[in-house]
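Student: The residues making up each chain are set out below.
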Amino acid sequence: MSQTTKTIEVIHKPEFIQGNEFKFPIFQVLKQDGATYKGAKLPEMDQEEALKIYRTMVFTRVLDERMLAAQRQGRLSFYLQSTGEEGTVVGFAAALDDRDMIMAQYREQGALAYRGFSVDEFMNQLFGNELDYGKGRQMPIHYGSAKLNYMTISSPLATQIPQAAGYAYGQKLEGKGLCTVTVFGEGAASEGDFHAALNMASVHKVPVIFLCRNNGYAISTPSSEQFAADGIAPRALGYSMRAIRVDGNDILAVYLATQAARKIAVEENEPVLIEAMTYRLAAHSSSDDPSGYRSKKEEDVWRAKDPIARMRNWMIKKKWWSEDEEKQLQDSMRQEVLDAMKNAEKRPPPPVESLVTDVYDEVTPQLHEQLEKLKMHVRKYPDAYPKSAGRMTHG
Amino acid sequence: MAKMNLLQAINNALDIAMAENEKVICFGEDVGVFGGVFRATSHLQEKYGRARCFNTPLVEQGIIGFANGLAAQGHVAVAEIQFADYIFPAFDQIVNESAKYRYRSGNLFDVGGLTIRTPYGGGISGGHYHSQSPEAYFAHTPGLKIVVPRNPYQAKGLLLSSIRDANPVVFFEPKRIYRASVGEVPEEDYELPLGKAEVLKEGTDITLLAWGAQMEYIEKAAEMAEKDGISCEVIDLRTILPWDMDTVVNSVLKTGRLVISHEAPLTGGFAGEIAATIQERCFLYLESPIARVTGLDTPFPLVLEKEYLPDHLKIYEAIKQSVNF
Ligand SMILES: Cc1ncc(C[n+]2csc(CCOP(=O)(O)OP(=O)(O)O)c2C)c(N)n1
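Chains as they are written, first to last, in the numbering used here: chain S, 1 to 395; chain L, 1 to 325.
Selected chain L positions facing chain S (Cβ under 7 Å, derived; list incomplete):
1. D30
2. P57
3. L58
4. Y86
5. S125
6. G127
7. H128
8. Y129
9. L296
10. D297
11. T298
12. L302
13. V303
14. L304
15. K306
16. E307
To be clear, the hints were calculated from the coordinates, so they are not data collected in a lab. Keep in mind it's a predicted model, so treat the numbers as computed, not measured. Each residue gets a CB set at the ideal place from its N, CA and C atoms; glycine is no exception.
Next comes chain L alone, as it looks inside the complex (with noise of 0.2 Å):
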């Protein structure tokens, strides 16, 4: 085992795929020399070449759409977008095309080799456009799969699957822990499920649901209301598409209730989807109304960020309103 943080975790998950398979080829803004601007693809150049870790010119479209013809071709593509604010130049390729290469094709053409490393989230006094959280834009895409670490050892494992797995996958990472967070992370091969959340704390009166950086507030909100006296149960979501259904049902058929928190906004977050199945599923075992703590129904500010994001104390507030129904 050895010390790494969330960045260090994923670069060396990068570096295992790309010394195991010489079809793994990763390239973005800034990715060759420099690292990225995160460092998150450090001496991936040094190590194996400019043909397989380089700097692509500034279009988002581009690179996506590169990035697809190259793993139609057969090849491993892992492209960086710099924030995730700036997926959205690439939505189209993202959307209509990576999502749907199979489908449309009858299986004759994939994009299964794709992977797209992209920094989320806020939290770290980056204003309206480097905090976004779109999770659920990509959500609403069949064809994809969306993947949320919450800490270095989950970064390695999981980012190894999405490389690995025969479909394209949004690999958002939280780049506030990105350094914060630093944790024993085994420095062989390994993968951990994608499509399946973990539960990290078991509980009997409410569960609490989230994924990414929003873990961190969650634990923190369970061990207040533990205090308080009341039994949390903890669950990662991890895969966002396609999400770990029967987890969360089998823990809200036990406790009865449910919390989920999400930094985008409330409309049309995913929360809603999740919020939407478990009253679907659990109708009859739920003992109060879903909760869902979410950033606005703005877009992300600068100043007043602590205000609009969703923490520890609006989750324990959100966890005493439920039990207290």
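Bound-form chain S, shown alone (with noise of 0.2 Å):
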């Protein structure tokens, strides 16, 4: 139907309709000290599920810890941790169906860590050793795993949401119920391939949920320098697509705003776009010191709005958690962590074979002439390249 046909209101003076009139509400379920508000629609969660889910940010919240100290002593090229955010990532992860497709940014590992990724596995990919799925080619942080619908982590910011739209185009035509998430920063969603995303998602209608973990920080530069507007979730509405603002640092409310959004994508094939409004406590990344660009006292508000605190007082008015078995939690992550890295350590990196493949299905005649070249100058100077000498075969 083209515009033309549907009735238009006329006016006959020239008014501006100003795009920060309209203000998005923000849906909340849960209170810092674990009451509910009244009237709140709770999630259909059992104990269980619950205690998944909470297992899984304390996990990431100690391996971030971990891998930060790991970091600080040399033991680790780069780390970003997810300090802060994991109600918003391990929220919208346990909404989903562990076939819908992950398209994330770079600080999901909750989400990873929720379908089953084990420490061993983060460990490989952050120490770039034999095991790790992606041949030590990307740096700490990007992982990726097919068996768990994972796509692996590119650094170039925002390139995974026009992806995700076509992938989950995919989905759609293969009929089989099931939806893509692609998360990305509130800075990511400046680029151009966010616009051009939401206007493919919304034309082609396709079951794809968009979610911004808006945390008031990309690197330095603050969302009041970002963006002028309220925010991301009402550029939605100039693609015509729904939207829905959460907290972020609300477990439940992350929760059910992705279980809504999952029923929106997959029974009426139309794109979603969920706003979680979180915070960074932590640095950007190992290269960053926030010092320089916001308060402590700043941040002090937001460490007061912790969501793995938030959610333990809820389950703790429920009876479903206690200190002494947070402790243990605690305790037992922390030994674990560090179990999986000594182990990660000592592999060997991978061989130096796998410089070349991948690059095509099969390595080319140039690339086997540029690896033997290689392997003959590395068996001449093996103290020079000691990460390959070792394990090359002579001959």
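Combine both chains into one complex, guided by the hints.
Tutor: Right, dumping it as structure tokens:
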């Protein structure tokens, strides 16, 4: 139907509509002390599921702490934390079907852990050893798992967003009732790829959920210098897409919003945008020092809204959890992470041949030649290339 | 003279350019208060205000499109792309727009005031997407100038020339030596010419050519070769587009041999262009095939980056092969 066939209100004065007149409400269920808002709809979540969610959040927090320490000790080249955003990340993952595709940015280790990525699998990637699925090609935290329907992370921001629309279109054609969730920061939402993705998805009616983690900063750039409007959610309206803004530190709200969004995506083949309001409590990455661009006071305000504490308070109120269990969990997870780290560190890197594989489906003659030349060179100067020299077969 | 590292030299050049000409405007991701992720723009916002040094939203095509417009309007835009790996979202704006503004308008309009600064190169454990050397993609685009400094002294002089040049310039900064490379840099204003190579060391047996971060390795390889009694002429190309053919040709006419090194992959790398030109101009003077020491024809790896990258040992081997051909 062309636009002109609809009845349109006509005005006779040049009256402009200001974009920010409309303010998005924020969906919240859980208070910080673990109580729930009166009249709030609670998810159907049993104790087992709640515990799984909670354990996953604690696991990623512990992983982040340990790995940042390992980076500081020079054992790891780089690390990037999810601290403060676990509610958003684990919350959305828990609300999905495990067969739904996740196309994440890089701060979503909680979603992968929720799906069952083991601590060893995390470590192999972080240390880029011979068991790393990515074969030591990408920086730490660029995880991926075909088995767990988690697309391997790519560093160039926002590239995954239009890909998610395409992936979901494919899912729709297959008619399996699955969707794709793509996660990105409010910074990445400035990229052209974001806008292209929303438009493609709404025109072609695809079952994709766009999930923005609005954590206030893109490296040092505060969201006030990222966009002039009321956040990311209103952008969906321009593409005729449904959107919801949710308290990203409220696990129950994120869970419910994602469940509802998934229903729209899968049952109606419509894209949905979720904006999760949260805060990046940690530095941007191990290379960053946030004291250069924000105050401790500001961080403290958000530390008081810790999503893990909020869920713990809720579970304690429900008698699903206790302080004793908490201590045990923390201790055992710390030990598990440390043991796995030691194992992964000891493993050798991928063999030199891995330099030329997977560029194409088969190694081209040129690459063969380049590899042979390189191997000859490494044999001649083994001390200069210790990572591969030791493992190379002679001859 | 002051001791500066490469970043400080860049910061100093930006400071001088902004103080001298109020039309100079610096912007990019995190360049404002923070001073850029590497701190190349530190204190510029404090000194010159938010209107002239600011953070942009996170959108490279927007940054360069904006810069093109600003430069077309008559301002001097110095845009930062946080890593050269992330210049590709802006590829269209650079290749189709910046490079062709003057040509397509019959010189009615131009964006000569544009300079794009971006850290490039590997050797920092940056893996796949924080290590690439994309100069050859841009070298295929008439209308751009491409500049790569190798040390702080050059960085300052070449950046000032780039900012004042009447053409759009892509300025690749070797991030591996941002802090490592410290040297004497005059505090006052000076320029180094674009389009001119620098002969670092004269020699008679072989010419070694590179740019940016590779210079350290070819100098080291030259030292090794000299111990074997091979006299090396070492040239820093400095400007990739337009490149200084005369200096390289004259050198090869003298030495009869040429080794070129760069980090980018072999196939389609800029060394191929140089090799073709030199064999055309120096064919009868060549004593051995021109050698290229480059990255592999693969994406950039993380764990095995030492294996991937050209280094002094690989260049040294190429020198010996060339001399013993
Ligand atoms: C295309 C591109 N440009 C720049 C970068 C460098 N970079 C990495 S993370 C980042 C900030 C991202 O902020 P946001 O999307 O808000 O996510 P957050 O880190 O806050 O979770 C930048 C600029 C990049 N990875 N890709």
